[in-house]
Every structure is written in structure tokens, then in C-alpha cells.
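K.L.:
Residue-level listing of the chains:
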Amino acid sequence: MSQSRLELSDVKLSLNGKTLVEINCSVNAGEILTVMGPSGSGKSSLLAHIAGFLDPAFNASGVVLINGEDIGGLPAEQRKIGLLFQDPLLFPHLSIAGNLRFALPAQQSNKNHLISEGLKEIGLAGFEHRDPATLSGGQESRVALLRLLLSSPKAVLLDEPFSRLDSQLRREIRTQVFDKLRDAGLPTILVTHDQADADAAAGEVLYLA
Amino acid sequence: MLRFAYYSVIFLLTVPLLFGTAIAALPAFGYFPSLGSNEFSLFPWRDLIEVPGITQSIMVSLLAAIVTPLVALVLVFLFLASASGSKLDVWIRRLVSPLLSFPHAAAAFGLAFLIAPSGLLSRLISPGLSGWERPPDLLIVNDSWGLSLLLGLIVKEVPFLLLMSLAALPQINPAQRIKIARSLGYAPVIAWLKVVAPCLYPLIRLPVLAVIVFASATVDVALILGPTLPPTLSVRILSWFNDPDLSYRFLAAAAALLQLLISLAAVCAWLLLEKLAMLLWRFWLDSGNRASAESFFYSIGRCAMPSVLLVIAGSLVALLLNAFAASWRFPSLLPTSWTLRHWTSTWNELLAPLANTLVISISATVTALILVVATLEFERRRRIKKTTALWLLYLPLLIPQVVFLFGVVVLAESVHWQANRSLVIFGHLLFVLPYVFLSFSEPYRQLDPRWSQVASALGASSFKSFWRIRIPLLLSPCLTAIAIGMAISISLFLPTQLLGAGRITTITTEAVALTSAGSRNLIAVWAVVQLSLPMLGFMTALFIPKLLWRDRAGMREIR
Amino acid sequence: MKDDANAVRNAWVCWLVMVKLKLLSATLATGIFLIADKRNVASLLILLLVTNAANAKDLDINDWSSIEDLARGETVYFNAWGGETRINRYLSWAATTVKSRYDINLQHVKIADTAQAVSRVLAEKQAGNNTDGAIDLLWINGENFSALKQNQLLYGPWAEYQPNFPLVNADRFPEMREDFSIATDGLESPWTRSQLVFYYDSSVISGPPLSISELLSWAVENPSEFIYPRPPSFLGTTFLKQAILELSDNVAALYLPVSASNFDEITAPLWEYLDALHPNLLRSGRYFPSTAADLRRHMGDGEISLALAFNPNEAALAISSGELPKSARSYVLQGGTISNVSFLAIPFNSPHKAAAMVVSNFLLSPEAQSRASDPVHMGSTTVLSIEDLPDEARKMITAIDYGSAAVSIDDLNRKLREPHPSWTLALEQAWVQRYSAK
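Residue numbers (this note's numbering), protein chains in the order written: chain A, 7 to 215; chain B, 1491 to 2049; chain C, -7 to 430.
So here's chain A without its partners, still in its complex pose (with noise of 0.2 angstroms):
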């Protein structure tokens, strides 16, 4: 996997006038930065805008870069910026492997070998064509991350993605994710409530007031 950087120079969000967040960072491959703030601090605002959904009515400024290279022009499918949201949002309408190969790139060649050897990994072998709703949670995150890691993003940025789980579940996924992160050299970006997940994070954290 390519080794990469994501950084964000003088990146500063406002709304109506009023200045949500300010930041200036840089994420190295492989480490987590940690965001955490109250509602309405902007921390999902900050991840729309670096994913590039922000709404029109924000006013960003400042540059974001990876591996150097602003990718602020970019429409969001360019960026290379993988999501994890609370909920794993696999398509009710495609089957396990549908969804995985979703993600692939169309010239991908072997895509079922690669989907098969992925379930395998996160211990879901042979679920190829099982209906998403009939997972559990668990398994519904593992495909997730399995579907973020096979559309080889550069970055990732994570939207409180366990706070979903229950105590037990979550502390189980949550190395999980973050192991495969960064094995795969991803920089990252975690928003969230928890204090449990900035330390099993073990990077930099930012508070946003």
C-alpha cells in the first residue's frame, strides 16, 4: 500500500460570519489524529469539507494536501478519501460482494479472488451473497472497512464510527479498524465523543471548542 500524508494548512470553516473551527495539521500514514468538541463544534463539518460534501453555505478557506498535492478542486469521487460513518451504510439493494465491488476500481482485475480473500480475513469467508440486512452489527463494521480498504483510498476519515456499538463490541472493532489502518499506511482523521477512542487511538488530539 502507498505510504501517504494528509495535511491541512490554515483550513478555516465559517458560517454566517462566525468561525467554526481553525486548524493546521498533518497527518502522517499510518497515524490517527484524533478530533473531539461538543455538537455543533464543526468537527463533522471539518470531515465533509476535507471529503468534499461541505454545504455551499459554509465558507472554507485554507488548503488541504495529500501527499502534497491540494486536492481541493477535486469533486469528492476523485479524492481518495475513504468514509466511515456511525452507521456502516452497506446497499440494501447489492448483496456483501455487490458491495464490495462496488469499491473496486472497474479495472481491477481478479475482483472475486480479492473479495473473497478480504471476507476471509475479517473472518466472514463465504458471505459473498448474503443479504447485508441478515449481519450483525459487528459483522455489518467489518464489511464496511473491508468495502473502505478495497476502494485503496489515500486517506481516512472516520465519523465517530463505533458510537453506534455496544461497550464490549466496540472496544473489539475499534482495534480492529484501527490495526488495519494502519498496517495499511493510512492517515486518518476520528471524530468523536469518546475518550476511550482518542486513547485506543493513540495519536495527536484536537479539541474544538
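Keep in mind the hints are simulated off the structure, nothing from the lab. In this text, a Cβ means the ideal position worked out from N, Cα and C, and glycines have one as well. A few of these clues could be false.
Examples of chain C residues lying across from chain B (beta carbon under 7 angstroms, computed) [claimed, not checked]: (1) L274; (2) R275; (3) E295; (4) G314; (5) E315.
Residues of chain B placed beyond 12 angstroms of chain C at every Cβ, according to the derived structure [unchecked claim]: (6) I1670; (7) S1673; (8) I1790; (9) A1803; (10) N1838.
Using the hints provided, position chains B and C relative to the given structure of chain A.
P.N.:
Frame of chain A; chains B and C shown alone:
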């Protein structure tokens, strides 16, 4: 491309309507160059005032315009108040779309066959209960005050308002409101009327206004059920437009403008009524009454909807019996002999209109759907918040058809757009577009934006994420919108007749043409075909997602 | 071929308008149009050239074979009242036949009221459409003909150039050249004959009234047993004309324009009569059926036992279709009843005049007319002069059996002529004025 669709929708919803109305209005002030009248004058209005029975025509139109929405609204509200969450409620909810798809003309024929002196109801009590050996000499259908017309309109508009209410209800979370009111000691029906009704009404106000305009200006229903001595204003306008004495055009134009004024007056009267109702409701609310009249409202509410259903079911049975009856003299309840002859002998004549009906309704609906989706997608990508003002969508429903369609014909003629199928499709598009927009826009706007975000984060282009994610997720509402659009198109009479110059025959124009000279059996055959087409559409719309997503439990919750 | 050319023209005009008004949305209209008609531009241009050449050639009406040549491949939009299934089926037979014999596509445009077609022609004239009208052939007579003729909206003269026209023997039957006392001037060609007849249920009544005045006393004795369709439906208006022809003492005035006489004075006996009749009708004069078929339904339901029709074979045909009981019988009043001829006309702006004439000539042929007379097919009365026909056709027509409900030939010979068409409108208006606002 998307921007183009967006402006096309606005264009289609306004220009033909406003221009059509304006052009139709010129002769009302004496301007009609091809009849040699190049100066403005008020003589058409003087003629109009002197038309015998014009006051009665106006009164019947006004009566229909006020009573229809009033009764329909009361029935719908009392039903919702008394049946929410019950088995009846679930059952009715399932039936409401197919009921709505019952074309006006077919419903009117069925009702006429049900309530006429020689109809099914009269046969049911004859000769045993009534002693009638021959049909009684009673003026029921075509009565002078339009009571049977009112009945026909109410039966058709109740499902419409019910569907609109059901669509709006989730926005105001009625269950929670009722819980709070009940915890304060209010009986359930009273609670619904006090805390849900006043918030629901503003959400369905535009549909109610559309009902007012439709009831005041309907042509096909009035032709079948309405009074004949004199007929309603809308029917008279049509006959004046078609009069061989060409000078009647002036009168027709003035009457068309009068029709517009009547619809407007009815709307104004309704708005006053609203104020009055609001006042009474305040008074009632302040009284703090918690349970009195509960059982009264409850029993009306529980009976209302089944009665409407019973009338519709009875009409359907009457149509089916007539379509297969060989010999059926009064007072036999059922035909004494049956035949398929009405069907076999009509089969060949059915094919061409059937093909036309399908081609026109599919083309108009698919075009409308493409425009609607493109507009919604434009809105979404530009993050425009519902810029398409809702009243714009209702414009084609708020201007009486008889008023602007004649102008559209003249307009099309003047650019030499000859009457043919494409012109009819264009005309249908004007009416199909609002319904497709109304039924598809909410599910489209409400679809969780994160689905698209996840898709593009996974590297899918807008094109891929639209076709592979948004459309499949919205398949069910999309098919429903198509079924509604096609049902509307199938039921359109006046636009097909006027824009197609009669060359383009559909099931509906053929059925209405038979009113003037078909046997009851033939009318029944055509009406049955007319009403089964939209039914088939709705069944397909229900069946395809079930089949496609039979292994996808998650698709049952997505909307 | 012509239609393809029209399609090009329409698409072209759409495009011009679009450019002119800069209305982007018109592109959409054109788009739908092109999709709907699936044309391709190259073949269209060729077609356009071909049809322009055809248009340029004037019709030579004296040379019928040149007309037939021109007619080949054309589509004729025949606007004819479509409310009677038998007639519709007959016309679809005619369409198959002219297709195989003359390569003409005959399209029956079913209209509920001929007045609609009159409006259409007017709207086209109003829009300046002088060459490309929607109607090629029109089933018409009376006030509709009069309105089109007066406004010069008809093509012609052409009718008497048809090879089959001599078969109607217009010298012996002047009604072939006279439509409601208006000279046809060759602008329309005879098609069918109609005559007012009464029919009754012989299982309910035995001695039906034999004159208009007897009808009143009969109705007083048998209330709710009779009703007539409301004017301006043609049957209702014909009933008024029939009544006034018997009740008026100045019949001559009815054959002149209504403006030439004192309308109130002449019609006074009619209103007096109707005022007395109406309380004894079904629904006591508060309702009238809209058409002949509507009236027939009241009879079929057993609500009334006496009714009227404008096709002498109507009761016979309705018995065979099960609409009327087998006990129905028809007859003509003792003093005769109104009879008229209905015609085919070609609007001034028909783009397919040659083919329209060929179709009309075919419908006038002994073959088409004898089939039309056959109750199995259409059951109308022929306009051909039976004595002048070739043997075979004559036998075919005279051999037809209409059954027990048919009117005898003697009865049908008691004919009254239609009054001047201006009376139609005047009587209709006066009736509506008096009785429509109860």
C-alpha cells in the same frame, strides 16, 4: 443538462397555461380576427348574462366546488381521527392508491349504473321491498341540483385527499401528539381533531384547492352524472366551443373566463370558510372539552370510509355485470344470461386505442420522470432548498382545463404543430408532470445524503452513484410515481380530445364518445378496460420491487 | 409519405420557433416529437421533395383515373360520428377494402358530435392553416353543412364528378342535391338516408299514437311512457321539426329562412303542445335523454314503452343486439315523417383531397351501399336509386330482411322534407330558452 431540465419544468408548468388562458380570453372581449371581429367589445358578456339558466349553471358549479372538498375533507379527517393505527387503517392505506387510479369517467359510469332507477341498488330492493315491477320514475342521475354529480366527485376526491394526508402526516408526528393529549385527558378522536388536524390542514391545503377547481370545472364527470337542464357551466362551454354557429365562440370564451372567476370565487369562499372554521375550532379548543361527542365523531369516522369503499365496489360490480350481461331486464338483480359477445365484438376496436393509450401514457410519464429526476438532481447538487415553489406545480391543477386548452390548440396551430401523437403527449406532459413531481420529490429529497457520499468516497462517479445507488434505492417510489403518472395520463379526456383533434383515440376518449351513443354493455366494456390499465400499473409497481428485492430485507425499510 | 413530410415540416417549424423565441424548452418538445415519430433526416428530405412535387400538381377532376393515381398511398382522415358500433365496424371494412383496392389508408376519426369537426376546421382557418388541415372527409348535413358552406370552408364542387354519382339519380330524387333545402352545389356527396320512425313495446301497448296530436292524448292517458331526447341532439330537434310540421298552419314558411317569418307566431302551437306534453313524459319534463342511444336504454330498461329513432332499422338492429325486447315494433306516423340524406364533404384545407374523393366514390358504389344496407353490417337505408341499379346489386338490396320490427316500404314512402336549416338552430335555441332552466 440538469439546468436545462430544471428550466424546462418551470417553462412547461407556466407558459402553455398562461398563454393558453390569455389566447382563449381574447374572444371574450370581442376580439376574434378570423371571424372578422377586430375590435374589443363587451357584447359576449351581455350575451352570457342572457343565456337561459346561466344562474343555475353557475350555482351548481359553485355548489360542487364547495360541497365536494368540504364533505371529502370532513370524511378524511374523521376517518384519520378515529381509525389511526387500527386494522381498518392498515387496510385502507393499502387500497388508497389503486382507488385513486380509478379513472373519473369509469367511476362516473359505474356510479350511474349503480344508482339509476333501473340500477343495481334499485334492483336489489325490487320487487320485494319496493314493489317496483318497472323502474320507478325518479330523477336520480342527472338531477337538477347535481347531487349525483356531487356524490361522484366526493367518492373520487376522498381517496385523493386521503393519500395526500397520509403523505403529509409523518412530518408532524401524530402518534406523539396524540399521546401527550391523551395523557392530558383527551379522548383519542377529540385529541386528533384538536392537536393533529390543525397542523395537518396547512400541509394539504393546495390539494384541497385543486379539488375545488376540479369540482367546479369538471367536464367528463359532469357529462355523465351532472344536471342536463341546464348542464354545468363547464359542459356548456364545451358545447358552445363546438357549436356549428361560429359566433358562439365569443360566448364560449366569455363563459370560460367566467369559469375561471367561479373557480376563483369558490377558492375565496373556501378561504373565508377556513377563517370561520379556525374561529370555531379555537372556541372549541378553549372550551377544554375532552370527551363529549367522541363517540359521535368516532362512529362517523369509522363508517365513512367503508361507505365510500362500498359505493366504489358497487360501481365496479355494476360495470362488470353490464360488461358480461346478455339479457338483464328489470327487476332481475342479476343478468338472466351471460355473454362474452360484448368483448369479442369489441376486441378489434380496442387494440388501436389501447396501443395509443400505452404509447402516450408511457412517453408522457417517462419524459416527466426524466425531467423531474433531473430537476431534483439539479436541486440536490446545487443544494437548492425546494426552490420550485409548490404552487407552480399546482398551476395546471388550479386553472380549469376547459379554459386554457383551447388556447393551447390555437397556439399549436399557429406554429403549425399539427394535431398528432406528439402534440397529445406534450399536452399530457403538462398534467402528468405535477403528479410525478409531487409523488417523487419527497422520497427523493428524503433519501439519506450519506448514501451518495459513501458512494463517491468509494470513488464512484456521480453517474455511477446515481444509477447504481440512488435509483435502485428509490426504485419503489419511482415505480409508484410512474404508475401515478400513467394513471393520470390514461384518465385524461379533454387534452387528448382537443390536442389530438380526435385523430388520436385512447381508451378514455372512446369510452366517453360512447356515452353519447353506446349501449350500456359496450360502455361497461370500455370502462372496465379503462380502469384495469391503471390497476395493472399499480400492481406492477408493487410487484417489481417485491420480486427484485425478495432477498434484500433492508429494502423493505428504505424509502 | 405525406405524414412523414408533415413530420419534417413540424419539426422544422418547431425549431424555427425555438430559435425565434429562444425558448430552450421547445427543444424538449421537438425532442419528444422526434422520438415519437422516429424519423431520420436524410429520408425525410427526400420525402419532402417528393410530396412537394405531388402538391404542385393540381387535381384534374374531369380525369378520374388521374385522381385515383394521385390518391395512391395517401391517408384519409374521415371524421364521422363514432357512437354506433355497427357503423364503426362497417367503416373498418371500408378501410380494408380501399387499402387493397386503391392503396389508401382510411382512418376513421370517431367524433361525438359533427360540430366538433366544424370547430376544428374553423380553428385551423383562424390559425392560417390553409393547406394542411386535420380533416380530409366529413360526414355531415343540415346546419353543420350550412355553417361550413356559408363560411366557405368546403372544397369543391366535386361530388357530381364521381363516376358513381349518376346511380343516385338526382334528377328523380332532388334531395340528393339539396341538404335541408340548401343547395349542395356539388360540395358534398350523398351517403345514407335517414327517416324519423317511432317504436314501441308491443307487449306493453297495442295501439301506439299515429300522429303528433294523438301522441299528446296518448301520453296524458299513459303518463311516464314516452320521452324524447333533448335538443340540440339531432333526434330531439327532429322531433320538434316533426311536431311543428304537423301543428303549424303555415308549413310553407318552414321551408324558407327563419328570418323571413314571424318565429313566435309560427312556433306558438309547438310550445303550447310541448307545455301540455312535458308533464306527462318520463321524469315529468325535468330531464331529457341526451341521444338516441340514451333513449333506447330507457326503453331497454322498461322505463318507457314508446320512443323514436332516426334510422328506420334501429329497433330491428337493437333487438338483434339484445338491447331491446323482441316485442319492439316500429312505424311511421300516418301523415309521414321527416326524412333526410346525410352527405360526405371535404374541408377546404384537406391535404388529401384526391384520396378523400376516391373513398367517397367507393362508399357510393353499389357494393359498399348494399353492404351498408345489410343489418348484419350497418343497417342503413341506401341513397342509390334502386331501380337504376345493375341487377345483382338491386337483388342484394331488395332481398334484405329486417325482421318483424322493420318498417314497411309503404311506411317509408310517407316522407316529409327537412325544413330550412336556419330553423334547426332557431328551434333548438327557443327550446333551450324555454325548457332548460327549470
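K.L.:
Using the nearest Cβ pair, does L274/C come within less than 7 angstroms of chain B?
P.N.:
Hint on L274/C: holds, closest Cβ of chain B at ~6 angstroms, below 7 angstroms.
K.L.:
Can we trust that I1790/B is non-interface, i.e. its beta-carbon lies farther than 12 angstroms from all of chain C?
P.N.:
holds, 32 angstroms
K.L.:
Please check whether G314/C passes as an interface residue: C-beta within 7 angstroms of a C-beta belonging to chain B.
P.N.:
Hint holds; G314/C Cβ to chain B Cβ min 6 angstroms, cut 7 angstroms.
K.L.:
Could you let me know if the closest chain C CB is still more than 12 angstroms away from the CB of A1803/B?
P.N.:
Answer for A1803/B: holds, closest chain C Cβ roughly 23 angstroms.
K.L.:
Is the Cβ of N1838/B farther than 12 angstroms from every Cβ of chain C?
P.N.:
Violated, since 7 angstroms does not exceed 12 angstroms.
K.L.:
Let me know if the C-beta of E315/C comes in closer than 7 angstroms to any C-beta of chain B, holds or violated.
P.N.:
Holds, because the Cβ-Cβ distance from E315/C to chain B comes to roughly 5 angstroms (cut-off 7 angstroms).
K.L.:
Hint validation: E295/C versus chain B, beta carbon distance must be below 7 angstroms. Holds or violated?
P.N.:
Interface hint status for E295/C: holds (5 angstroms vs cutoff 7 angstroms).
K.L.:
Return the status of the interface hint for R275/C: holds when the least beta-carbon distance to chain B is below 7 angstroms, violated otherwise.
P.N.:
holds, 5 angstroms
K.L.:
Would you say S1673/B is clear of chain C, with no C-beta pair closer than or equal to 12 angstroms?
P.N.:
Per Cβ check, S1673/B is outside 12 angstroms of chain C; nearest 54 angstroms; holds.
K.L.:
Could you let me know if the closest chain C CB is still more than 12 angstroms away from the CB of I1670/B?
P.N.:
Non-interface label on I1670/B holds, nearest chain C Cβ at 49 angstroms vs cutoff 12 angstroms.
Consistency note: the structure conflicts with earlier hint 10 alone.
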